[in-house]
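K.L.:
Protein sequence lines, in the order shown, are assigned to chains A and B. Here numbering that gives the first Met the number 0 is used: the first sequence runs in plain steps of one and ends on residue 269. Here numbering that gives the first Met the number 0 is used: the second sequence runs in plain steps of one and ends on residue 335.
Some clues are possibly wrong.
To be verified - Quick look at which bits of chain A chain B covers, simulated, 3 or more residues with Cβ under 8 Å:
1. 11 to 24
2. 97 to 110
3. 172 to 186
What the hints assert, rightly or not - Counterexamples of contact, computed for chain A against chain B with all Cβ distances above 12 Å:
4. A50
5. V120
6. P131
7. D190
To be verified - Simulated crosslink set (DSBU-like; lysine-lysine; CA at most 30 Å straight-line):
8. K224(B) / K263(A)
9. K123(B) / K254(A)
10. K233(B) / K259(A)
11. K16(B) / K259(A)
I should point out that these hints are in silico values taken from the structure, not numbers from a laboratory. A virtual CB, placed ideally from N, CA and C, is assigned to each residue, including glycine.
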Amino acid sequence: MTLASLFHVNPAAPEVIRIAARQFQVYRVRMLFWLITMMIQLYLLRVVWMAVYDGRDSVNGVPASTLLIYLTISSLHLFFLPNRIVFEIEDRISTGKVANDLIRPLGFMQQMIAIQIGSIVGSLPLLVVVIPVAAVVGQMHLPSPGNLVLYLISLFLAFTISLLLWMVVGMSGFWLLNIGGLRSVISIAGDFLAGALVPLWFMPDALRVVVQLLPFQAMGFLPASIFAGQTSGMDTVQPLMVQAIWVVLLLGIAKLVWKKAQRKLVIQGG
Amino acid sequence: MPIIEAHNLVKTFERTKRVDGRFSAIRTLFTREKETKVAVDGVSLGIEAGEIVGYLGPNGAGKSTTIKMLTGILVPTSGTATVAGVTPWEHREANAMNIGVVFGQRSQLWWDLPLDESFRLIGKMYRVPPERYRANLDMLTELLGMESFLTTPVRQLSLGQRMRGDLAAATLYEPPILFLDEPTVGLDVVAKERMRGFIEEINRQRNTTVLLTTHDLDDVERLCKRILIIDQGKVLFDGPATHLKRAYAPFRLLDITVAGDGATQLQEISQGLPGGVDIVKLEEFRATFRIDPDVVPVAAVIADFSARAPVIDLAVREQEMDGIIREIYEAKAVRK
Chain A
0 MTLASLFHVN PAAPEVIRIA ARQFQVYRVR MLFWLITMMI QLYLLRVVWM AVYDGRDSVN
60 GVPASTLLIY LTISSLHLFF LPNRIVFEIE DRISTGKVAN DLIRPLGFMQ QMIAIQIGSI
120 VGSLPLLVVV IPVAAVVGQM HLPSPGNLVL YLISLFLAFT ISLLLWMVVG MSGFWLLNIG
180 GLRSVISIAG DFLAGALVPL WFMPDALRVV VQLLPFQAMG FLPASIFAGQ TSGMDTVQPL
240 MVQAIWVVLL LGIAKLVWKK AQRKLVIQGG
Chain B
0 MPIIEAHNLV KTFERTKRVD GRFSAIRTLF TREKETKVAV DGVSLGIEAG EIVGYLGPNG
60 AGKSTTIKML TGILVPTSGT ATVAGVTPWE HREANAMNIG VVFGQRSQLW WDLPLDESFR
120 LIGKMYRVPP ERYRANLDML TELLGMESFL TTPVRQLSLG QRMRGDLAAA TLYEPPILFL
180 DEPTVGLDVV AKERMRGFIE EINRQRNTTV LLTTHDLDDV ERLCKRILII DQGKVLFDGP
240 ATHLKRAYAP FRLLDITVAG DGATQLQEIS QGLPGGVDIV KLEEFRATFR IDPDVVPVAA
300 VIADFSARAP VIDLAVREQE MDGIIREIYE AKAVRK
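Please put together the full structure from these sequences, using the hints given.
P.N.:
Encoded structure:
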């Protein structure tokens, strides 16, 4: 598989995306509970952080309003995060349904990506509800047009990194067979390492160095920081580069893992 | 040239060996010892275009594993295979266009969607032109009697309906090759018959090559001229179904019923039997004879008996496949 083949989109892919978006409607109730959970978390973060600020306008050069916008947009990222792919792959391996994916005239990874894109497309109508709620619980303020464009680019890269990372985690199931534990650990640690609870600005230097070497900050912190206006203009070049590097790196890893996985594959349940 | 060809296909699975004794669970976690299970052990086969071949064997014999290699799902440990000129596991997507697959135990339809949505998606995936799609869907809907449940979500279908849906999904894009892994498992007699009729029809209409695994010997008797028997990963027999019958069950059974005034003639016949004919069962007006067709033609026996007694009904039966296959599984070899 060459890099070019990745951009060769199978005509069936849009159809898989459409179906996945449709199937996503089944998850509406689950999404509602997920939304409530996110908003409670956002509210608690707001309370805790405002207690830390203790009436000061700015701490470490981060204005209180910037922090609130940052926390709000981070919560939204978590809400729309492309992690359904890991559940899909997990389910397909544990039930042996992966056999069906492999007899399609469409690559396995392409199918999984199409399903993930479909589920994001399917959840987009929820933005109408989620953004106003988040704006009330947290704080919302649109960035300058320049930063908005940079943010959207960064967000796209962040979602791509997240998708690839979760795909690799999912495919580790070809060896581990049961990845529930691994998924939970990465999910919980990932939220923290992505700066969804504590922005990287407030992390001690030693921790920040470690966090900056991991892909999670590129999945959440970097775009959120641009959205909140804490990173802007030329300062965004480096974060965008870091994100681009992670995309290329994880893409390589994903392809390698898939190549190995095919020989490792066992179809469960005959 | 055969459309499906395999040479020395081998597939082994490895798993970590369980350690017995004290702290076995923890020690198992750290053991490096592997257990190797050979699922398919050097299978070679060649199937010509248009053939319907039955692939038989007891549970765990390696049937499904072979099918999974030929469909490109599994990569063999060693050996080669081509399906319509393509190595399945190397060019999965190209292979997918040439084959239709039905796993009786696992549906390929989209659970949450109405059946016709699944079909639509498959039509798009396999790039079936709209007018062909329409024509094929109409033909399949009629042939499989799917009209009444075409818009029902798959999860609400009965097993028989779902299997029909699966067969339609596998043939919608007119693949030249069909792999059917236990397509009649769990179906009632009527549903099985419908499936068999369909397979026969699609083979006749499109000259589709079919490789079929099953535990139901009626499937084989009805559909397959040729069978392959596999056990413990090795092919035990590859040849025409009639050969097995000749080797294991060369005899024909002839049932005869005579009119009310023919009881004595029937007695006389049973006392003066021609060579190659034995009596199996004798009642007042009915008898069953065993004929060895190598010694005397069945037709000659019938003609002879009809001349000597007022025969009002007769039937010629072959020995059932069932017993033959059971004998082969038990002996783990095939008689020559």
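K.L.:
Hints first: check each against the structure and report whether it holds.
P.N.:
Results of checking the hints against the structure:
For the stretch 11 to 24 of chain A, the stated coverage by chain B is satisfied: 6 residues place a CB nearer than 8 Å to a CB of that chain, which reaches the threshold of 3. Coverage of the stretch 97 to 110 of chain A by chain B holds. Counting CB-CB distances below 8 Å, 8 residues qualify, and the rule asks for three or more. Judged by the Cβ-Cβ criterion of 8 Å, the stretch 172 to 186 of chain A is not covered by chain B as claimed, because only 0 of its residues qualify and three are needed. Listed as a non-interface residue, A50(A) keeps its Cβ farther than 12 Å from every Cβ of chain B; the least gap is roughly 45 Å.
Every CB of chain B lies more than 12 Å from the CB of V120(A), the least distance being 16 Å, so the non-interface label holds. Here P131(A) stays apart from chain B, with its beta-carbon at least about 30 Å from theirs, past the 12 Å limit. Every Cβ of chain B is farther than 12 Å from the Cβ of D190(A); the closest lies at roughly 29 Å, confirming the non-interface assignment. For the proposed pair K224(B) and K263(A), the alpha carbon gap of about 36 Å is over 30 Å, so the pair is violated.
Proximity of K123(B) to K254(A) is assessed by CA-CA distance (about 26 Å); at most 30 Å being required, the pair is judged to hold. The straight-line distance between the Cα atoms of K233(B) and K259(A) is roughly 27 Å, inside the 30 Å bound, and the hint therefore holds. The straight-line distance between the Cα atoms of K16(B) and K259(A) is roughly 22 Å, inside the 30 Å bound, and the hint therefore holds.
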